[in-house]
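Put the complex together from the two separate chains, hints included.
Going down the list, the sequences are from chains A and B.
Under full-length UniProt numbering, the first residue of the first sequence is numbered 1, with each subsequent residue one higher.
Under full-length UniProt numbering, the first residue of the second sequence is numbered 1, with each subsequent residue one higher.
I should point out that these hints are in silico values taken from the structure, not numbers from a laboratory.
Since the structure is predicted, the reported quantities are computational estimates derived from the model, not experimental observations.
Any given hint might turn out to be false.
If you want the footprint, here are the derived chain B segments under chain A, 3+ residues with CB under 8 Å [claimed, not checked]:
id, segment
1, 23–33
2, 112–120
3, 130–139
Keeping only pairs whose Cα atoms sit at most 20 Å apart, straight-line, the calculated SDA-like set for lysine to any residue is [what the hints assert, rightly or not]:
id, chain 1, residue 1, chain 2, residue 2
4, B, K498, B, K419
5, B, K13, A, S122
6, B, K121, A, S122
7, B, K110, A, F73
8, A, K74, B, A103
9, A, K71, B, W96
10, A, K74, B, G112
11, A, K74, B, R105
12, A, K56, B, K122
13, B, K36, A, F73
14, A, K190, B, R119
15, A, K190, B, K108
16, A, K71, B, T99
17, B, K121, A, F73
18, A, K190, B, A103
19, A, K190, B, N365
20, A, K74, B, K36
21, B, K122, A, A126
22, B, K110, B, E131
23, A, K74, B, E30
24, B, K13, A, K74
25, A, K74, B, R33
26, A, K56, B, E16
Backbone N, C-alpha and C define an ideal beta-carbon position, used for all residues, glycine too.
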Amino acid sequence: MFCAVSTMTDGDYDYLIKLLALGDSGVGKTTFLYRYTDNKFNPKFITTVGIDFREKRVVYTATNSNGTTGKTFKVHLQLWDTAGQERFRSLTTAFFRDAMGFLLMFDLTSQQSFLNVRNWMSQLQANAYCENPDIVLVGNKADLADQREVQEKQAKELADKYGIPYFETSAATGSEVDKAVITLLDLVMKRMEQCVDKPAQEAPNGDGASKLEAPPPSEKKCAC
Amino acid sequence: MDLSILEALEREKVLEVLQRDKLLRSLEDERIRKMKLELQEIRRKGAKSFARQYSERTCARCQRPLGKFWNCGAVCQGCSHRICNKCRIVISAHEWKCTVCHAFREVKIKSGDWFLEERSKKFPGGAERHETVGEKLLKSYQRLSHISIVPPTPPPFSEGPSFSRSGGLQTSRPFTKSMENLFVSLTSHMKKVSKSQNDVAVVDRALLTADYGKISTKERRSQSDTAINRPFGLTKAPSLPDLFKRPKSEDEEGAGTSEAYTDEDVSPNTEYHEEKRGSISSLCTELGIFTCNNSVTGEIELALGYSIKTSCLEISIRACRNLAYGDPKRKKCHPYVKVYLLPDKSPNRKLKTAVKRNTTDPVFNETLEYQIDGAWLVGRVLQASVWHAGTLKRKVFLGEVLLPLESWDFEHSTTQSTKWHLLCPRVTAPEGPEGGAGEIHHCELMIKAKFTSSPPQLPKAADHQREETHMGQLSILITGANNLAILRSSGSLNSFVKGCLALPSGVELTQKTQVQRRRSGPDWGHRLLFTAVPEASLKGSSLELGLWDHAPFGLPPRPLGRAKLEGAWSLQKLLQTPNMWLEFSLPFHPSANGKKM
Ligand SMILES: Nc1nc2c(ncn2[C@@H]2O[C@H](COP(=O)(O)OP(=O)(O)OP(=O)(O)O)[C@@H](O)[C@H]2O)c(=O)[nH]1
Ligand SMILES: [Mg+2]
Ligand SMILES: [Zn+2]
Ligand SMILES: [Zn+2]
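Looking at chain B on its own, in the form it has when it is part of the complex (with noise of 0.2 Å):
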């Protein structure tokens, strides 16, 4: 019997059982695609939404509102949150969990994912960590075969002794000698062509963002045939169990890149292209707002602090769990977190954690500060986002959470407990003719306040209470809109603002602008004057500012959207420095049918 013919059938029979577990897995993919689609549903539906993050008295799930004394929920082991009873899921007598950590659970286990966990606390690190042996072989096999089928013109260069001019038999030995020999042989072509296979991989992710990806698509995949061609001179090669012991190899490659790379903010091909895919996909460019929804999962556990004395505020960027992979045909994930105090996006004054390799369950334990006068803090919003630093400087947007920093009571404490936040999609505006490419549109209001203590008044000799009360001014000056879609998409704007000074005492005093007709440039001028404001009770107060569009014919306005001064530090502020102006910049929440034009 000829032995090699034999080994040609063993050959045969391996190839068609990894076929079979081809097929497995493809049904097992699907599979898991459709669970974590359905996961981040449910995530979704009981997500905080920016707007209301920070309002603690309802349930983090149904958002149904929490009472102080009953039904006051309680908070969820896994994410901190306060779930009502009805978002619960018990799981023993003194054990449960919220709905969407519940449903983290269950997916982490019915998907695999806790053996690929378990498995990299083992074998840690490695581009093909979640690549079965099988897929390996297959993807590897099928490419040697094809080659073997239509052999390629003799090659330039032969590297190794085994491939030897004499003959084409020759040219088949390494395959057909034995068995053994056979995997052998291949798990040195392994990593050629696997990183052939990665370079491909990349190409067509870009392809999803842009159309020129094709050209350099074409141009990637010959190169990468040239390499498979090579590795036909290989004679050393690792065992099959060795290729597994050190699969850093390639990886290491990546650590060099990804550090190597100096600012996605000065790149413009990097966080472009993740921009770009979203306004591509969306139709609502006329929104004043929208979420480009590519698949962002997973949580960021932080905690702000600000130290008054030191005018320094410390973001303490902890972990992140359940993040989506940054490359999922990959399934790989070298995740970091970067920060911005929003609108200010200049370079410098963004801060990022290192990048921690090859995980979705990122732990970072570091302190990002910064020095800012804490009259500055009013009104900006944290922005922490995470990325996976790819390869070839790529980087890939994994979800952000945006944090007003007007909900943290920072007077009071130093520091604040550590909280899990929700990953969202980016909230991002069109791009403008103006707006820089890859910008982050967060629509805020601009305006300056200044709180002037009257004169004092001569008492009243019959009226005592009156002579505590010192009575203020209270003048805000509107001076424009940040990132505002509306403002550039309609043709006219006669805006004009209502302010609403709600005191602590439930008093609410209304004033409204005159209406102003468009100009260009962010410099309008609405003014709003609140008299007889009581001075001790303006820190306590909140000044809620609407901004309309005047209608013509007698139309009613239309809203556009709103924004609020208030928090006891911003007015107290104003208390201290009477006399003077102050800027803030407010989140602005543009209004939900403001998009009808």
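For reference, chain A alone in the conformation it holds in the complex (with noise of 0.2 Å):
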């Protein structure tokens, strides 16, 4: 079912970058990445049993900070897939602590996929790796204007209120997907350079966000 391309089994990349897609099941996430890593479509619904990733490699240009172009990376993607369906929860939620940045998707056509938006917030703040992770959030399906039942406003509200960015995105017709996909990557690559540069206390991405300060660790003597 994977075709693995043979250019990309050797370790001739600069970064692996790993990435993960989550939300209710059905909104698309296995379709997405399919559209992203091969761009094709799948009309058929297979669910995703528990988990499953995808891999791209990219060649990622970082931009100076005086906005000029700067040096070109080789990043390895990898992307995970998680089954939306309820049964598999505690595994797939256990596989968000292992990822940089995250897809969080909805279905346009479905205002239960997007009400549950927050509590995949939830989740992922108790699972990730930090409190603030980098999140992209995705309205899919974006072809199926007649069956909208999501609107864009409303959407791009919750977005704000998290900070984080939104796109509506087809895995029908492509729209999008790529731009969702670099969006995240991007943040997640400068998420990297901060925390090296910036000393321990501050938060990376501060945005206003309060993260809890982690107690300063209880000295333990040693008794010789």
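See below:
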């Protein structure tokens, strides 16, 4: 089922970036990722069992502080696909801790999937590697305009509330799919730099979101 | 449709995914390994050597001399070393880093270490903190599936009701009931399984160091096998997310042992292993000094201060960064710092910091103190070594710095600003027959020195300048050398010493001792006498002592190494206590070509 591209099996890349897609079952996570990696659309619904991942190599061009384009890097993307079904929940949320960025997806034709975004957010807060990880909110199936249940304004407001970017995509047409992933990748790349450059105390991507400061480590004196 | 069959298929599917993930992970591990090797290379090239560590006027990276007024270098924000223009990497208009600091930063990003570090802030501690969920699941699966294929003889005891003896189908129920239950039951095994793997991992490390490790490996393996059989009976299992929320359990065990251990100097098979590894892997046993290049990375930040009033040497250990993992397999590191004032290695003169858990960037902020008379500081070398406090009382050497105290001008400032020092692999000499196992062999030359003021001369009326110049005699007695491998390996050594006293005026007084046949024991009696030493300029002088081997048949003598007595402090001490022998042990630098026998 997965055709491993031969050039992707070598270690000739600069970064391994692990992203993860989450959201209710049927919103189109698997289809979205398939579109992104293989630029194809699968109209059949085959629900994901537990977890899966896809890979893609992209060339990332850094932007310098003065806005000019800088060095280019080869990025190996590992895109984790999680099952939206409830019964896999404990498994899928466990995988949240290994991802560096998240595509939080809902179905524009399902109000319920949008309402559940809040729940997914709190799952992320609990399980992701940090309190405020990089997330992109994705409203999928934009091509099904006549079935739309979630208005752009609504979704945009929610995204603003969380301080995260929002995209309306279509895995069927491919619209905005790349842009959503690249935006997330960009956030993660910036986060890496901030993490190593900022002194330990400062929270990266500090956008006002309060972050609990870890208490000072208890000084354990060696007995001898 | 049979539900249990469907879920067996589901399991297969997830396993296949985890296998693919494993492939990617091994690719990634290899990439990171290479990257860190390259970093090591950069680090080594740009490291100030022991001998040159304290000459401020060279670039810390390329060692090119720096001028006083032009091309005088600037201090790197990252490592506080003075760096020339060429060894800087400009980040922005007003920001640059030295080549080594820049490389460190790059590796931290590209290896994903930034991520692990960030995550450990949210999920601190935890033995499995670097293992991915996929990795863990796969491992526990493999263990379990292995067992289910070859069913063990009925376990001697059953701990829970889910394991009933009624039939084989029942036995496999926990695995097929449902997908979720499967993972839940897995997590309960995970801890036990990973624990038994850890045991094996520890022994595997020991294998590197000694052959006899093999026997114990077997023992361990069979032990861990039985440990795997047991979880069959477990029923109450933590949910998967729970498992990661409580990562402490195993580690707390570790904390217990590390605090319980007494002393690595007392337990012989701890540090010993590390030393042994170096000597096995090295072929340069005839060399006076060699380094064991196990993976030493990182730096240590410390400051020194000495109070003459209270005779107290303060060593404040601030932090370390970018340490190597003490346990690379499990990516664990519980570092602490140990301090000696070499050559004194007596256990009661050892000071240690607290152990910091699960970090390669520990912050200690501890001040260690030695009550020591200033006279005894001269020629001492501060050895600050970083160790990983492993389980089972194992200590793993992570690197050290050697700071000759001579270079600190204690007289002029009581405290020194903190500085980052690159950790170096251990400098050891091969174990001699009399050398204690695991001992550090720093070469040093033992000398005694005495300054004698000449009897006041009657001033000559015509010579006013003479009047003020008190002359004296400097007597030097070279009593022996410590840990000089050359002395052990070569059959006969006919040594002599050349001494060169360089006065601040530029005048150099040279003296040579008689050739001395080798004696057993460190009781040489090389004697040098410098007469007509102007008393006032002794303080600014330096005495270089070269040890030579006199060659027979008119061949040129062979240099063995050299040591230096210098520094205002030690020489002034001689002036203050005239006619008294003062003892010094000077760091001895064996000659590079001394190895040619
Ligand atoms: N028209 C249209 N259909 C889509 C789009 N994206 C996904 N689908 C369809 O929606 C159905 C569900 O998509 P999946 O990608 O399997 O859903 P999922 O989020 O992976 O679901 P789970 O694996 O159960 O969590 C499939 O039939 C897709 O073809 C889209 O953008 N437009
Ligand atoms: Mg899916
Ligand atoms: Zn330089
Ligand atoms: Zn630097």
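Structure-based check of each hint:
With 6 residues carrying a beta carbon less than 8 Å from a beta carbon of chain A, the segment 23–33 of chain B meets the three-residue requirement, and the given coverage holds. Look at the segment 112–120 of chain B against chain A: 6 of its residues bring a Cβ nearer than 8 Å to a Cβ of that chain, three or more, so the hint holds. Here's how the segment 130–139 of chain B fares: 3 of its residues keep a CB closer than 8 Å to some CB of chain A, so the rule of at least three is met and the hint holds. Using a Cα cut-off of 20 Å, the hinted pair B/K498 and B/K419 is violated, with the two alpha carbons roughly 35 Å apart.
Straight-line distance between C-alpha atoms of B/K13 and A/S122 comes to about 28 Å, which puts the hinted pair past the 20 Å bound. Between B/K121 and A/S122 the alpha-carbon distance is near 19 Å, which keeps this suggested pair within the 20 Å criterion. With a C-alpha separation of about 10 Å, the suggested pair B/K110 and A/F73 falls inside the 20 Å cut-off, and the hint holds. Among the hinted pairs, A/K74 with B/A103 is consistent with the structure: their alpha-carbon atoms are about 18 Å apart, no more than 20 Å.
Restraint check for A/K71 and B/W96: the C-alpha separation of about 17 Å stays at or below 20 Å, so the hint holds. As the CA atoms of A/K74 and B/G112 are separated by approximately 15 Å, the hinted pair is consistent with the 20 Å bound. Of the pairs offered as hints, the one joining A/K74 and B/R105 holds, with about 18 Å between alpha carbons and a cut-off of 20 Å not exceeded. A C-alpha spacing of about 29 Å is found between A/K56 and B/K122, which places the hinted pair above 20 Å, so the restraint is violated.
Restraint check for B/K36 and A/F73: the C-alpha separation of about 18 Å stays at or below 20 Å, so the hint holds. Only pairs whose Cα atoms come within 20 Å are accepted, and A/K190 paired with B/R119 is accepted, the gap being roughly 17 Å. This hinted pair checks out: A/K190 and B/K108 have alpha carbons roughly 14 Å apart, not beyond 20 Å. Annotation: proposed proximity of A/K71 to B/T99 holds, straight-line Cα distance about 18 Å (limit 20 Å).
Annotation: proposed proximity of B/K121 to A/F73 is violated, straight-line Cα distance about 28 Å (limit 20 Å). For the hint linking A/K190 to B/A103, the alpha-carbon distance of about 18 Å falls within 20 Å, and the restraint holds. At roughly 31 Å between alpha-carbon atoms, A/K190 and B/N365 are farther apart than 20 Å, so this suggested pair is violated. For the given pair, A/K74 sits about 18 Å from B/K36 by alpha-carbon distance, which is consistent with the 20 Å threshold.
With a C-alpha separation of about 10 Å, the suggested pair B/K122 and A/A126 falls inside the 20 Å cut-off, and the hint holds. The straight-line distance between the Cα atoms of B/K110 and B/E131 is roughly 18 Å, inside the 20 Å bound, and the hint therefore holds. Between A/K74 and B/E30, the direct Cα distance comes to roughly 17 Å. Compliance with the 20 Å bound is thereby established for this hinted pair. For the suggested pair B/K13 and A/K74, the alpha carbons sit about 30 Å apart, so the restraint of at most 20 Å is broken.
Of the pairs offered as hints, the one joining A/K74 and B/R33 holds, with about 18 Å between alpha carbons and a cut-off of 20 Å not exceeded. Distance hint between A/K56 and B/E16 is fulfilled; the C-alpha atoms sit about 19 Å from each other, no more than 20 Å.
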